[in-house]
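Engineer: For the record, the sequence lines run as chains A and B. Take the numbering used here: the last position of the first sequence gets the number 180, and nothing is skipped along the way. Take the numbering used here: the last position of the second sequence gets the number 297, and nothing is skipped along the way.
Possibly wrong hints are sitting among the right ones.
To be verified - The list that follows gives simulated cross-link-like pairs (lysine to aspartate or glutamate, EDC-like), each with its CA atoms no further than 20 Å apart:
{"hint": "1", "chain 1": "A", "residue 1": "Lys51", "chain 2": "A", "residue 2": "Asp(-15)"}
{"hint": "2", "chain 1": "A", "residue 1": "Lys168", "chain 2": "A", "residue 2": "Glu117"}
{"hint": "3", "chain 1": "A", "residue 1": "Lys160", "chain 2": "A", "residue 2": "Glu150"}
{"hint": "4", "chain 1": "A", "residue 1": "Lys168", "chain 2": "A", "residue 2": "Asp123"}
{"hint": "5", "chain 1": "A", "residue 1": "Lys168", "chain 2": "B", "residue 2": "Asp87"}
{"hint": "6", "chain 1": "A", "residue 1": "Lys160", "chain 2": "B", "residue 2": "Asp87"}
{"hint": "7", "chain 1": "A", "residue 1": "Lys160", "chain 2": "A", "residue 2": "Glu117"}
{"hint": "8", "chain 1": "A", "residue 1": "Lys168", "chain 2": "A", "residue 2": "Glu124"}
{"hint": "9", "chain 1": "A", "residue 1": "Lys51", "chain 2": "B", "residue 2": "Asp87"}
{"hint": "10", "chain 1": "A", "residue 1": "Lys51", "chain 2": "A", "residue 2": "Glu150"}
{"hint": "11", "chain 1": "A", "residue 1": "Lys51", "chain 2": "A", "residue 2": "Glu1"}
{"hint": "12", "chain 1": "A", "residue 1": "Lys160", "chain 2": "B", "residue 2": "Glu94"}
{"hint": "13", "chain 1": "A", "residue 1": "Lys51", "chain 2": "A", "residue 2": "Glu117"}
{"hint": "14", "chain 1": "A", "residue 1": "Lys160", "chain 2": "B", "residue 2": "Asp182"}
{"hint": "15", "chain 1": "A", "residue 1": "Lys51", "chain 2": "A", "residue 2": "Asp99"}
{"hint": "16", "chain 1": "A", "residue 1": "Lys168", "chain 2": "B", "residue 2": "Asp81"}
These aren't lab readings, by the way, just hints derived from the structure by calculation. Values in this document were obtained by computation on a predicted structure and should not be read as measured data.
These are the residues of each chain, in order.
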Amino acid sequence: MDGDSARWIAALAPGAPGREAAVGRLHGLLLRVARSELRRRQGRWGIDGPELEDLAHQAAGDALLALLAKLEQFRGESRFTTWAYRFVVLEVSMKLGRHFWRRAAAHATDEDWALVPDRLGMSPHARAEWHDMVGELARAVDEELTPRQRHVFGAIVLRGTPLDALVVELGTTRGAIYKAMFDARRKLRAVLAANGYAA
Amino acid sequence: MQPDLDSFLRTDPRDVGCEQALAVLHVYVDLVLGGRRPEERFPGVAAHLRACGPCNDDYDGLLEAARAMSAQDAPLVVERFDGARAQLRELFEEAEDSAAQLDAYIDAGVVLVARAGEEIMGHLQLAGGEILNMAVAERRRGQGVGRALVEHAADLARRDGRSELTVATASAEVGNLRFYQRCGFRLRSVERDAFTLEHGYPPGLTADGIPVRDRVWLDLEL
């Protein structure tokens, strides 16, 4: 473990003299990272001003509590501050996922295959080819995917719901949604390949 | 199949998924910043970050935060200062208006300093269970530095077998009175006309608009 990391751990240990100051200092650092991370993402999530500041404080506070509860799990594989900042970056993602639904009315959209090329950032050439196969892909989504995979695929790809917002809606984890999407992608690719669409 | 949709649908069997990738994200980021090749140690994480937008977003954010780290991110450390006290004279003078008095006691006892990296943010001088002098650099006030110094001084005094810590300040220094009482000190006595010319204090001294005349003693039970 590097010297600064060891000093952080010693200063934050229960009963350490000056622990309150160390905790306050760490909270200040987490708040700085939360603000900067929210500013980095604000364009995509439509947040600003007091709303951003409020989310930053919530993310920093929750990250601090989570981190202090797991202090003994820090093994020195990275710098302490990188480990600590991971908590706040992940908190920011979770908070934004929840925040999405507070503005759900503004985001409510129907499933729309026509918007998929934009969502996937397709090139003009790819868009032309897309039109030839969208029917086959839609059929595969309806017939080959499980109901859960279809729900996840529809929300993310056809309605443009951010994955972290879907985590909140379904009360599950990012990993579970990703796995459903991973399996759906694999299945759809296999179906398209079997029907002669493979490159 | 056109390439954009193909790259979206293509899955990598090495992909470890979100939980495993996020569990080592901090290690991955520090390897990147150290000029190492994390994709060799964590190929499954690299595969995941290529495919998972939200995890890749977290990776970008953590990389940016870790890259922006500076001396400001160093932990606050309170330690004994063994250098020449003259180096800290400016800080001592923050808490002592009489140069003659300061000259008389500056070398007494032990001095603790609060530092973050190379920056000394404050100091505390402790002798015989008494805080003789203490100050926090102006731009570092309000960050818990003073409280950390007092807590370390109390710990040191306790380990020396003392049962109390004492400190004196001008009655006019209401900020000091508030600070020490917030740290648990209680008022013990008042020494009238302690800050006079004969003790080296120039006439007309004021603090917060209050004439500096009387000294207040406080103590903290250890």
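Engineer: None of the hints should be skipped; say for each whether it holds.
Structural biologist: Results for each hint:
1. A:Lys51 <-> A:Asp(-15): Measuring from Cα to Cα gives roughly 18 Å; hence the hint holds.
2. A:Lys168 <-> A:Glu117: It holds: about 13 Å lies between the C-alpha atoms, which stays within 20 Å.
3. A:Lys160 <-> A:Glu150: Holds, at roughly 16 Å.
4. A:Lys168 <-> A:Asp123: Holds, at about 12 Å.
5. A:Lys168 <-> B:Asp87: Distance ~13 Å between Lys168 (chain A) and Asp87 (chain B) Cα, so the pair holds.
6. A:Lys160 <-> B:Asp87: Given that 20 Å is the threshold and the Cα spacing comes to 12 Å, the pair holds.
7. A:Lys160 <-> A:Glu117: Outside the cut-off at roughly 23 Å; violated.
8. A:Lys168 <-> A:Glu124: Holds. Lys168 (chain A) to Glu124 (chain A) sits at ~11 Å (cutoff 20 Å).
9. A:Lys51 <-> B:Asp87: violated, 32 Å
10. A:Lys51 <-> A:Glu150: violated, 27 Å
11. A:Lys51 <-> A:Glu1: holds, 17 Å
12. A:Lys160 <-> B:Glu94: Satisfied, since the Cα-Cα distance of roughly 11 Å is no more than 20 Å.
13. A:Lys51 <-> A:Glu117: Not satisfied, since the Cα-Cα distance of roughly 49 Å exceeds 20 Å.
14. A:Lys160 <-> B:Asp182: violated, 67 Å
15. A:Lys51 <-> A:Asp99: violated, 41 Å
16. A:Lys168 <-> B:Asp81: holds, 12 Å
Against the hints set out earlier in the document, violations occur for numbers 7, 9, 10, 13, 14, 15.
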